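Undergrad: Each chain is listed here by its residues.
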Amino acid sequence: MGLTGLLLVGFLIEHLLGNFKLLEDSTGEAFNEYVLWLKSFGPLLQLAELGLAALFLCHIALALRLTLENLAARKQKYVVRGTHGEKTPGSVTMFITGALITGYLVKHLLDFRFDERYFEDPAAFVKLTLSQPQHGLAYLMAAFVVGLHLSHGFRSAFQSLGLSHPALNAYLQKLGIAIAVLFATGFAVFPLYFLFAWNGPAR
Amino acid sequence: MSGDPTSSMGFTLKIWRQSAPDAKGTMETYHVADVSPDMSFLEMLDVLNESLIGEGREPVAFDHDCREGICGACSLVIDGQAHGPETETTVCQLHMRHYSDGATIHIEPFRANAFPVLKDLVIDRSAFDRIIAEGGFISTHTGSAPDANAITVAKDLAERAMDAAACIGCGACVAACPNSAAMLFVGAKVSHLALLPQGQAERNRRGLAMVARMDQEGFGNCTNHFECMAACPKGISVENIARLNRELLRGALAPRRV
Ligand code: HEM
Ligand code: FES
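Chains as they are written, first to last, in the numbering used here: chain A, 27 to 229; chain B, 3 to 260.
Worth flagging that the hints you see were computed from the coordinates, not collected in a lab.
Only a predicted model underlies this, so the values are computations on that prediction, with no experimental measurement involved.
Ideal Cβ placement from N, Cα and C applies to all residues, glycine included.
It cannot be assumed that every hint is accurate.
[Said to hold, decoys possible] Cut-off 27 Å, straight-line C-alpha distance, at most; resulting in silico cross-link-like pairs (BS3-like, lysine-lysine):
(1) K133/A x K65/A
(2) K236/B x K113/A
(3) K47/A x K101/A
(4) K16/B x K157/B
(5) K103/A x K26/B
(6) K113/A x K200/A
(7) K157/B x K236/B
(8) K157/B x K101/A
(9) K113/A x K133/A
(10) K26/B x K101/A
(11) K47/A x K26/B
(12) K121/B x K26/B
(13) K103/A x K113/A
(14) K103/A x K121/B
(15) K101/A x K113/A
(16) K103/A x K157/B
(17) K16/B x K26/B
(18) K113/A x K16/B
(19) K16/B x K103/A
[Said to hold, decoys possible] A partial selection of chain A residues facing chain B, derived with a Cβ cut-off under 10 Å:
(20) Q72
(21) E75
(22) L76
(23) K101
(24) R107
(25) G108
(26) G111
(27) K113
(28) S117
(29) V118
(30) S182
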């Protein structure tokens, strides 16, 4: 769980950096070049995509088993449910945010990866899609959801892998929150920009 | 024991009553009066039971033994918190002065499939014993007490082993965990032996064996909420869970004879 989670974080970093190519110029040339560059890897890119898909499937399968076992471990629930103050909004919603990410992932792939029109002019197509409220708002929400998942997930993965040291844990905790905020705002930039600040396709 | 009227308190108690392991339980309401603020939570329940017995009613069954915070027998969830609201305090050491007069207090047993309710607030924690039997011991011959410092142990390791060994096996970690996981308990038991020279002989198999048993007993999986650490009356740190995870990796990678 921890290993697949952290590897996914690695993918997210690359993905976010790639996205920023969208904002590099107004013509979208930078982003399109980046897409072409990725495509130039040919079979290697396909291998990477397969690996990534496998990574997601492993993470999801482990998450499902973990969550089902945990739900089953206390059949008689507490009448009064309290807390000792350590649970966080992120930690108690891991499965829900995970499931939302899965749904969003399917949408995301259908929107771009499996849409023929995307590859004609990737940058223009992304901009057009994100500027439509029904898509833009969905992506905005997804950015928040990924952030919430990571607000717990990042710190949690280190503990699950046994990487813990009294002198470092407080920093890890803060780094986790920082990464969550970074990804949430980083990914939110694009729908926000194309929804509200963009003047439509360049003529 | 009923104190002077100026300092006597009364409470409304909503208590889980369950007549037998497979019976259906419910929360029932009781009123208790003449409680001194200096009484412990268990003494307050004693007062209630005295009056129930006086009325010819069935007293509330609850577990207790030492009543000085060292045995781990007492095990109540009070208003949704294992061992109640005070940090690093067992129920037997929780005093009624922490409550305001007239308060309503909800009392439930520690809940987890692996800790079946026997009666009312009494649960069966023998799952912990079975986990210990899988590896929470050393099998070297210790003989009579050795000379001090015959086996040298670095001070910080000794301290950390001692901190882990403070676990009284009460099960509050399981009760407080949203997943009913027992990783803090197993982490503490594995840690205190892994940190000491005497624990090395079985080190590579200990964690794996105890965790396998833990899963078999039906405890959940740790997702690092860290509620256990906050609930623990002995302040056992989740550092021990990270160490357990390392011990599992170490055990899994260790060469073994086929
Ligand atoms: C952008 C993609 C994702 C990233 C970067 C990610 C990251 C992480 C990380 C770092 C962890 C912590 C692992 C641990 O503590 O051992 C985690 C846990 C988890 N993830 Fe994901 N995840 C992603 C997608 C998903 C998806 C699609 C699901 C689908 C259900 C999911 C469900 C879960 C669950 C249930 C947990 C464990 C709960 C917990 O530790 O509290 N995640 N994730
Ligand atoms: S009765 Fe022994 S710890 Fe509470």
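Undergrad: Quick check: which numbered hints come out false for this structure?
TA: Of the numbered hints given earlier, those the structure breaks are 3, 4, 8, 9, 11, 16, 20, 21 and 22, listed in rising order.
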